[in-house]
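**Student:** Heads up: the protein sequence lines correspond to chains A and B, in order. Positions 1 to 505 (the numbering used here) are the ones given, in order, by the first sequence. Positions 506 to 739 (the numbering used here) are the ones given, in order, by the second sequence.
Some hints here could point you the wrong way.
Stated by the list, open to error - Here are a few chain A residues that sit away from chain B, every Cβ distance over 12 Å (derived from the structure):
1) Ile304
2) Leu375
3) Gly413
4) Leu414
5) Arg458
To be verified - According to the in silico footprint, chain A covers these stretches of chain B (three or more CB under 8 Å from chain A):
6) 573-580
7) 591-602
8) 605-612
Unchecked claim - With beta-carbon atoms standing in for the labels, derived distance ranges:
9) B:Glu631 with A:Arg500: 19 to 25 Å
10) A:Glu399 with B:Ala573: 17 to 23 Å
11) B:Glu631 with A:Val280: 56 to 62 Å
Note that these hints are calculated values from the structure, not bench results. Source: prediction; values computed, not measured. All C-beta atoms in this analysis are idealised placements derived from N, C-alpha and C, irrespective of residue type, glycine included.
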Amino acid sequence: MASRAFSIVAALTVAGLAIGPVTAVILRAEAFSGFRPADWQALWFTLLQATLSAGLSVMFAIPLARALARRQFIGRGLLVALLGAPFILPVIVAVLGLLAVFGQSGLINRVLASFGVPEVQIYGLHGVLLAHVFFNLPLATRLILQGWLAIPTEQFRLAATLGMGRGAMWRAIELPMLRRIVPGAFAVIFVICLSSFAVALTLGGGPRATTLELAIYQSMRFDFDLARAAVLGLVQLALALTAGLIALQVTSLPVAAKGLDRQVPRWDRTDRRAICTDIVWIGLAALFLLMPLLMVTLNGLAGITNLGASVWQAAGHSVLVALGSTALCLLWALPLTTRWGEWLGLAGIALSPLVLGIGLFLIVRPFANPFELALYVTATVNAFVSLPFVLRILRPEAEAIRADYARLRDALGLSGWVWLRWVFLPRLKRPLGFAAGLTAALSMGDLGVIALFADPDRATLPLKVYQLMGAYRMDQAAGGALLLLILSLGLFWMFDRGGRVGSAT
Amino acid sequence: MALQLDHIKARSGTFDLSATLSVEVGQRVAIIGASGSGKSTLLDVIAGFLTPVSGSVLWAGQNITAKAPGARPIGILFQDTNLFPHLTIRQNLALALNPGSGRLRAGDTEQINASLARVGLEGFAERRLSEMSGGQQSRASLARVLLQGRPVLLLDEPFAALGPALKVEMLDLVTEVADAEGLTVLLVSHDPQDARRFASQTIVVEAGQVSPPQDTMTLLDNPPPGLRAYLGSG
Numbered sequence: 001m002a003s004r005a006f007s008i009v010a011a012l013t014v015a016g017l018a019i020g021p022v023t024a025v026i027l028r029a030e031a032f033s034g035f036r037p038a039d040w041q042a043l044w045f046t047l048l049q050a051t052l053s054a055g056l057s058v059m060f061a062i063p064l065a066r067a068l069a070r071r072q073f074i075g076r077g078l079l080v081a082l083l084g085a086p087f088i089l090p091v092i093v094a095v096l097g098l099l100a101v102f103g104q105s106g107l108i109n110r111v112l113a114s115f116g117v118p119e120v121q122i123y124g125l126h127g128v129l130l131a132h133v134f135f136n137l138p139l140a141t142r143l144i145l146q147g148w149l150a151i152p153t154e155q156f157r158l159a160a161t162l163g164m165g166r167g168a169m170w171r172a173i174e175l176p177m178l179r180r181i182v183p184g185a186f187a188v189i190f191v192i193c194l195s196s197f198a199v200a201l202t203l204g205g206g207p208r209a210t211t212l213e214l215a216i217y218q219s220m221r222f223d224f225d226l227a228r229a230a231v232l233g234l235v236q237l238a239l240a241l242t243a244g245l246i247a248l249q250v251t252s253l254p255v256a257a258k259g260l261d262r263q264v265p266r267w268d269r270t271d272r273r274a275i276c277t278d279i280v281w282i283g284l285a286a287l288f289l290l291m292p293l294l295m296v297t298l299n300g301l302a303g304i305t306n307l308g309a310s311v312w313q314a315a316g317h318s319v320l321v322a323l324g325s326t327a328l329c330l331l332w333a334l335p336l337t338t339r340w341g342e343w344l345g346l347a348g349i350a351l352s353p354l355v356l357g358i359g360l361f362l363i364v365r366p367f368a369n370p371f372e373l374a375l376y377v378t379a380t381v382n383a384f385v386s387l388p389f390v391l392r393i394l395r396p397e398a399e400a401i402r403a404d405y406a407r408l409r410d411a412l413g414l415s416g417w418v419w420l421r422w423v424f425l426p427r428l429k430r431p432l433g434f435a436a437g438l439t440a441a442l443s444m445g446d447l448g449v450i451a452l453f454a455d456p457d458r459a460t461l462p463l464k465v466y467q468l469m470g471a472y473r474m475d476q477a478a479g480g481a482l483l484l485l486i487l488s489l490g491l492f493w494m495f496d497r498g499g500r501v502g503s504a505t
Numbered sequence: 506m507a508l509q510l511d512h513i514k515a516r517s518g519t520f521d522l523s524a525t526l527s528v529e530v531g532q533r534v535a536i537i538g539a540s541g542s543g544k545s546t547l548l549d550v551i552a553g554f555l556t557p558v559s560g561s562v563l564w565a566g567q568n569i570t571a572k573a574p575g576a577r578p579i580g581i582l583f584q585d586t587n588l589f590p591h592l593t594i595r596q597n598l599a600l601a602l603n604p605g606s607g608r609l610r611a612g613d614t615e616q617i618n619a620s621l622a623r624v625g626l627e628g629f630a631e632r633r634l635s636e637m638s639g640g641q642q643s644r645a646s647l648a649r650v651l652l653q654g655r656p657v658l659l660l661d662e663p664f665a666a667l668g669p670a671l672k673v674e675m676l677d678l679v680t681e682v683a684d685a686e687g688l689t690v691l692l693v694s695h696d697p698q699d700a701r702r703f704a705s706q707t708i709v710v711e712a713g714q715v716s717p718p719q720d721t722m723t724l725l726d727n728p729p730p731g732l733r734a735y736l737g738s739g
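Whole structure, please, built from the sequences with the hints as guidance.
**Tutor:** As structure tokens, this is what we get:
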């Protein structure tokens, strides 16, 4: 059974990658440095921002999802599709976009200034929340929209024949649905925000706005205090594991939601006040999500034509890292498209990429200069982090293929290779393309482990853009961000398209 | 020379099946019984999808109980999914010929074309299932199982989805081919008319008990009480 051997090798390397670095960190942390006041502050801020981010995202998502569920308008399909985009949007691109709108010299402040209103400050808790809501409002909206669309039509029909008013309908139909969906949406976003690093790095910082992940990074970068990084990493791990396990109880990983292009048929849509509310919510959300992207594009157009050689070099690194981690992730995922494989893959969510990075750093250090291996470590960690999403996408289809064709395979006596080459991969092509696109885009835009190593000769494009921002070379940063946006979306589009063309039906 | 089931005891979930019987080479035998009586379990044991708890399956005196489905001298047509829908008929047939490598060898093309001609599907090699009618799909499946060149053919109601006329046509085609090649055929059906038309002998499966093959006409004209209840008075 060659395929079984592959499964075992894949499982062992994934498990090894989950356990090895963490063990290295634990061993290193033996000289317990104790928890300093700054560390308590980081823990507190991590919990605070995650709670607020999840709360705000869900709070705004409810009216937005309701508006999308009951309205039909030109561009609705596009807007719903766009709600999936932040998943593959590089954080640094979004941050530059948000700065262009909400930043010191951003659109809003310019408008406020013309009215003589004092300017709004984006850095700190505000900025972190703003970015988190930007990323997670779409996710929450998709989850809740799904809940709305899953309400059987009959219920609304019944409500209409009973002549139920808006309040009655809310209490009888919509509130029970929200009670089921909202805790899960909150939990997922809470977990995602717990390990927020790139947002905190760019918009937070300072003792009052430092997450645990950022604190880990700072203890490595500035003090090279491995023991402290290890302790913080363990706290982060415990936090993520606890929250992750709780989140798993209430929800499942949302990746590709299907059937969101439907509209809930209901009979109260002509209510004028409801129409106005919906228009306002949809309009605000579209502005909030689109303006930053528009600004990144506009600001970047000038800069992208004269990017320095180092930016292009970083872009080259990023593409290679993205392709490498996509290949590695798929190699892991294909043999693990089973129930227990998916459980194993969940380690990729629980473990913080920075802890993994530090662990790998510690493991590699006796043998080689870790800084020289920065890009390899980044590609590996990125593959590991994408694994749960990829398994989530591939497993249902992979299991369906096995269920449908295993008997025919056995009756024909197909070899493992022939099965893979002629049946399994061709039939899996479509989700495979989507999963590969997702992994490539996530890896392309990742600003995590690489920041830990931050070697000018081995920078990736997101890191390069961050460094340009730090050096106040905003034109170049904007140009780099636009390039990054194009490359990320381009990679996603290429892989996803590749999976669709001539895919098995 | 025969296909033999020797004191087979098999278990599928909580369902138990026992069978001892022998089918002579070149015979066409129907297997009838109510749904849930154990027809599929019996077929799974013969085809190798279910390992019996005890007893053995023999072909020409050789014990094949431990062999994988693909390594048995048995070709099988399932109720559905007999060909891969994303591959052309030619690719499907090539896989049936070379299940280990998946490649076409010299001479394979002639063989494939000959088997397609045999089932009346000349010129269909480059089509996919979605470009064929139900009857044509059945014929292509038959070509597949013929190409495998196995002496025993198991038919698990493969023509159940066809209309009555088409089903008769397919059964006649199988009869013709099986006679020409000297195949031993077992046909699972819940329709006694299929048995009358197709099989000189019939095996009755009832509540996990498998009776040895009996003459079809005699059996159906004077059914024992259990079979009578299944067939209904008439």
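**Student:** Against each hint, give a clear statement of whether it holds in the structure.
**Tutor:** Okay, the hints, checked on the actual structure:
no. : hint                               : in the structure
1   : Ile304                             : holds, 41 Å
2   : Leu375                             : holds, 37 Å
3   : Gly413                             : violated, 2 Å
4   : Leu414                             : violated, 5 Å
5   : Arg458                             : holds, 42 Å
6   : 573-580                            : holds (count 5)
7   : 591-602                            : holds (count 5)
8   : 605-612                            : holds (count 3)
9   : B:Glu631 with A:Arg500: 19 to 25 Å : holds, 23 Å
10  : A:Glu399 with B:Ala573: 17 to 23 Å : holds, 22 Å
11  : B:Glu631 with A:Val280: 56 to 62 Å : holds, 57 Å
In summary, the structure is inconsistent with hints 3, 4 from the numbered list given earlier, while agreeing with the others.
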